[in-house]
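Enquirer: If you want the building blocks of each chain, they are given just below.
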Amino acid sequence: MNQAAPYVHWGFIVISLPNFVLILVMLVLFALGLVLPFPGGRARRGTGEESEDA
Amino acid sequence: MPEPPRPPRSWTRALRGIVQRELPLDHLLPDQEPAYVASWVYVFGVVAIAALVWVIASGVILAFFGPQWWHVSPQGHFVNSIHFWSVQLFFVFMVLHLWGQYFGATWRDGRAPTWMVGVVVFLVSIITAFTGYLSQQNFASQWIAINAKDGINSTGAGAFFNVLNFGQMYGLHVMLLPILVTTLVAVHLVQVRRRGVVRPIDPGRS
Amino acid sequence: MRRRPVDQTAYYRGVRMAPYDLVRELALALAAVLVLVLVLAAALSSPDVPAVTVQSWAQHAPVDLVSTATSELQGTTLSSAYGPPYTAPGEEAADAVGITPEEVPDSVQTLGPLAPQLWAGIHLPIHPAWSDVLHPLVLASVGNPALRQAVVAYRRAPAATRRRWLVAFQAQLGSARMVRGQLVVRPAQDGPLPLMMETLLTVARSGGLDALLTQSGHFYQTDYTGPLLFLGDGGYLPALAQSQHLLGDQWGMMNETGRYPGQAWLWLYTMWYQIPPYSTAGNADLLVVLTMGLLTTLLLLVPFLPGLRDIPRWVPIYRLIWREHYRDEAARRRPRPGPG
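Residue numbers (my numbering), protein chains in the order written: chain R, -2 to 51; chain H, 795 to 1000; chain L, 6 to 345.
It is possible that some hints are incorrect.
Coverage of chain H stretches by chain L, computed from C-beta distances (three or more under 8 Å per stretch; other residues unrestricted) [claimed, not checked]:
1) 801 to 814
2) 833 to 840
3) 881 to 895
4) 934 to 945
5) 971 to 977
If you're looking for bench data, these hints aren't it; they were derived computationally from the structure.
C-beta atoms are modelled at their ideal positions from N, C-alpha and C, and glycine is treated no differently.
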């Protein structure tokens, strides 16, 4: 782990592979946070019947 | 029947009244949330706080054994690794939390101060991490100190914030800045609990 | 402006509530993060490249060390005439050592009338020629008459003579060689400098120069300003940094030694250094600080800035965050099916 890291070049951007992977992981985590279903749906709906009251 | 004499005005009662009015216990520790709190995006903040807890816990151990310990002891190096990765996770989840709050425009309905305190937490965290990197007493801290001094000197702050002065940077890192970060995070949490979770954006309204 | 009282109960009126266990959520988060951190720490450890010492500098790049020491005496290193907070600004420092201002690297950064570096003043005074070179040699000359004579000759010589010796010696360093641990330079009109610099190198190789510089005359001390500035004046430390992609024009602020993630959150701060006009500006540091100060202020004030605060409405990410809520609202607004 103490050897110099590989670097990714894209235009004027030069980023280390560990940093690049980290940022990718962040984007994936954010996307997952948006789309993954959140537990407790039944509790939020009460008994499961549609409430007709506002 | 004569009324009992009024007790003299009490500062303690006044403060208690303010706290009970502004942040009653069932607002500080509610056991229910609005049904619209239904996304993993809401979890990024608490995960960032969890990471901060481990940053501080590992930092306390490192501070207890002194700044040289982790260079000479395998156990010390392991605790330093915990500190290093907790910091990485803290920043990852703090930024994810920032993205989530931004795209939800959660400063609405009087919550601008909550957003602003959050931004300050972010900035103070960066400075805290910076003093931590300077406190490592290895090649990285030598290089960071030598380079960072120019930016700081250009602002005039270098006259009293000397990144080449290990004692100063270490003292800031292990005591003053953690106190500041923790206090600001506590304020941020109180702000959130006081006002409750902001309602979803109403797509119809501008 | 009258401060409206916060009434959470009123805010939540009409909002459907559901059970939510915040404390259990925190406990789960603590456990999950701890497991993740322990796995990462056990599998990947953390970076710790040992500090550079003047001794290692003397062992790996002796000519560079001697050249830097000579430049300290000449007053042409980065720290010699840095300006506040360490020294007087370039011109004044140049006068003091009898060289022209053009020879002095100017580290004072200004932007038009803005000169906070100068306004702050000299609060961390340094004297690198004395502390990095002459003082160690004075100490080393105890019991060494030849060295004592050389140092006295140097210090008593007129400024113009010293300057002549320094220029001649520095010119020879280009072809200097290390032969059996000794610095060998061609003969030149450089007065006592060869003996002085050879001795300095010997003291450095023994670790004595580290001890002198880091102690700076005290028993207890925690301020490494002197020795760090000396290391930064040379070429050895920056060459090591370059090999690890840590230079300013290598996005270095974001990077870490080895294969570790660095400070990804500094991406925007370091980005400016890579592009014009910052990449070629002498006052790049001040420009970047001002730019980031402005952007940080904008971030702080997002709730009040039209445009910036409206982007969330235009980018429909919020529809994903609250999709369950919008679905339920739509179902509630649908007309109820009629009887029959």
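Enquirer: Next step is simple, just say for each hint if it's right about the structure.
Expert: To see whether the hints hold, each was checked on the structure:
Note: the region 801 to 814 of chain H has 0 residues with beta-carbon separation from chain L under 8 Å; the three-residue rule is not met and the coverage is violated. Here's how the region 833 to 840 of chain H fares: 4 of its residues keep a CB closer than 8 Å to some CB of chain L, so the rule of at least three is met and the hint holds. Under the rule that three or more residues need a Cβ within less than 8 Å of chain L, the assignment of the region 881 to 895 of chain H holds, with 5 such residues. Given as covered by chain L, the region 934 to 945 of chain H passes the check, having 9 residues with a CB less than 8 Å from a CB of that chain where 3 are the minimum.
Only residues whose beta carbon comes within less than 8 Å of a beta carbon in chain L count, and the region 971 to 977 of chain H has 0; fewer than three means the coverage is violated.
Consistency with the previously given hints fails for numbers 1, 5, ordered from lowest to highest.
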